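Protein chains in written order, with the numbering used here: chain A, 37 to 197; chain B, 278 to 413.
If you are wondering where the hints come from, they were derived from the structure by calculation, not from laboratory data.
Do not take every clue at face value.
What the hints assert, rightly or not - Here are the simulated DSSO-like cross-link-like pairs (lysine-lysine), alpha carbons at most 27 Å apart as the crow flies:
1) A:Lys133 to A:Lys158
2) A:Lys158 to A:Lys177
3) A:Lys95 to A:Lys177
4) B:Lys373 to A:Lys133
5) B:Lys373 to A:Lys158
Model, not experiment: these values are computed from the prediction.
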Amino acid sequence: MIGANRTNMLTDRPANGNIPPMLDAPEDATGPFASSPFARCLGIRIQDDGTLVMPFSPKIIGNPILPAIHGGMTGAFLETTAIVGVTRDLGVVARPKPVGLTINYLRSGRALDSYASASIVKQGRRIVAFEAKAWQDDPDKPIASAFGHFMLRRAGGGDEE
Amino acid sequence: MTRTSPLPFDELAGAIAVRRSGYGSISGLRLDRAAPGEAWTNLPYRAVFVGDAETGVLHGGVVTAMLDESCGMAVQLALDGSRAIATLDLRIDYQKPATPGLDIRAHSICARSRSCARQLIRRPRTIRSRQQRRAS
Numbered sequence: 037m038i039g040a041n042r043t044n045m046l047t048d049r050p051a052n053g054n055i056p057p058m059l060d061a062p063e064d065a066t067g068p069f070a071s072s073p074f075a076r077c078l079g080i081r082i083q084d085d086g087t088l089v090m091p092f093s094p095k096i097i098g099n100p101i102l103p104a105i106h107g108g109m110t111g112a113f114l115e116t117t118a119i120v121g122v123t124r125d126l127g128v129v130a131r132p133k134p135v136g137l138t139i140n141y142l143r144s145g146r147a148l149d150s151y152a153s154a155s156i157v158k159q160g161r162r163i164v165a166f167e168a169k170a171w172q173d174d175p176d177k178p179i180a181s182a183f184g185h186f187m188l189r190r191a192g193g194g195d196e197e
Numbered sequence: 278m279t280r281t282s283p284l285p286f287d288e289l290a291g292a293i294a295v296r297r298s299g300y301g302s303i304s305g306l307r308l309d310r311a312a313p314g315e316a317w318t319n320l321p322y323r324a325v326f327v328g329d330a331e332t333g334v335l336h337g338g339v340v341t342a343m344l345d346e347s348c349g350m351a352v353q354l355a356l357d358g359s360r361a362i363a364t365l366d367l368r369i370d371y372q373k374p375a376t377p378g379l380d381i382r383a384h385s386i387c388a389r390s391r392s393c394a395r396q397l398i399r400r401p402r403t404i405r406s407r408q409q410r411r412a413s
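With the rest of the complex left out, here is chain B (with noise of 0.2 Å):
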């Protein structure tokens, strides 16, 4: 595995936005506004990701392409940037079909990490701030 020194957060945030996945770039993906562990996205509608021309509606894997992208992005923002990551599993619910034309925006949240611990373990600057917070 490659691991690199870990990034502050604004780099790190920086380089998710410009170093993305192949896919991921060439279909016009922006990360808009990033956190700790959380992504918010917005993908511009293309009539390529049509999967009926009858109805319009988009293909169904232009959503999971997204997610999964949007998804790799909230857990690199949880993360220092220091690791690889990989999608082991996924669960798409199609909830209403994407109105044609319009964008598809995205929110996603990492909702745990055994890495985050580790990275707070390893930097006790941040444990001692949070204690001294709660203290006072």
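For reference, chain A alone in the conformation it holds in the complex (with noise of 0.2 Å):
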């Protein structure tokens, strides 16, 4: 997010005030995101070579002025994206429960649909260290990136020490 110390968004008005979106999930019974509402509503979608897309929309907006996307949704995006490919890397059919993790904001997410990968670090008996990029027109210049770990759920559902 370096370029949004360039804008002041206490005092700076954005250009043209549009009325601001709604936060919704559209239904998708049989998509990827069947039961992940949030990663629905970022419109996250996963591409055939195993990237993930999330197109730029007004919801995901951070720095209204540039405009910038939000590091969290920066963020939500690199999560996703590490739960999609760890959980189709080990085949596991249980969602991997996040136990941390560190992001760093590399470029500021400008008004472009990004795209994410993620790869497995490390896979111990029960936990997963991974780590994700996230990029926009150009995979060498990441917009973000990540690295944390995932504690894997048994088969049962019996995922608590």
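Could you fit the two chains together into a complex? Lean on the hints.
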């Protein structure tokens, strides 16, 4: 979000005061995010090559003057990408439980679609370490990177220590 | 960088409560209480925040975004409203899953701000009144 510090949201006014968008999750009972309303709300999709897309939309804007994508939305996108990637790579059915996540914001997320991929760094018996990267028009210029850990749920749902 | 004149604290807190990021305002996040460098916020529960419909647990990104937004408020409350801020990194340690149906509250504190020191230097009256208090 480096570019964001060139505008002051407290005093600058957006060029056009649009009606704020609503947060809603379109129904999609058969899609990959059938049980994740928030991922559907952000419009996240899985592409054929395994990368994820988060289309630019007014609801994910952080700084409305630039405009730039909200850091929290970039974080949500990276975490979603990691859940999808780890679930796919390990072939597990139960959704892994996030333990912790560190996000580095490298560039301002502009008014463009964002892409992300994730990979497993190390797989333990119960904990998986992952890393993820998000970019826009140039994969060599990521807007954010992240690393973190998931706890794998045991089959049958008993995931408490 | 856009720079404007410093705001008195009450005006600053009022501006922060109203002038918000796009997602921050539509998410329904409220600034309940403000002090210099500290923000108390509340995010009312919404069904759209759910990340796993089977358990009803919120998406981690909802918490990430709330903490990012709340910490931004605390930092703005430590400054004088004349500067813009940007998130450089964010580390989240998930503790317990959020109980479905309940609001989330956050208390964020600005731990350190070099601009605060500069602001104090620019406003010697603040320093003087502190010294007087200390002397008396």
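Each hint, compared with the structure:
Straight-line distance between C-alpha atoms of Lys133 (chain A) and Lys158 (chain A) comes to about 16 Å, which keeps the hinted pair within the 27 Å bound. A distance of roughly 25 Å separates the Cα atoms of Lys158 (chain A) and Lys177 (chain A); the hinted pair therefore holds under the 27 Å criterion. A threshold of 27 Å between alpha carbons decides the hint, and for Lys95 (chain A) with Lys177 (chain A) the separation of about 24 Å falls inside it, so the pair holds. For the proposed pair Lys373 (chain B) and Lys133 (chain A), the alpha carbon gap of about 11 Å is at most 27 Å, so the pair holds.
With a C-alpha separation of about 24 Å, the suggested pair Lys373 (chain B) and Lys158 (chain A) falls inside the 27 Å cut-off, and the hint holds.
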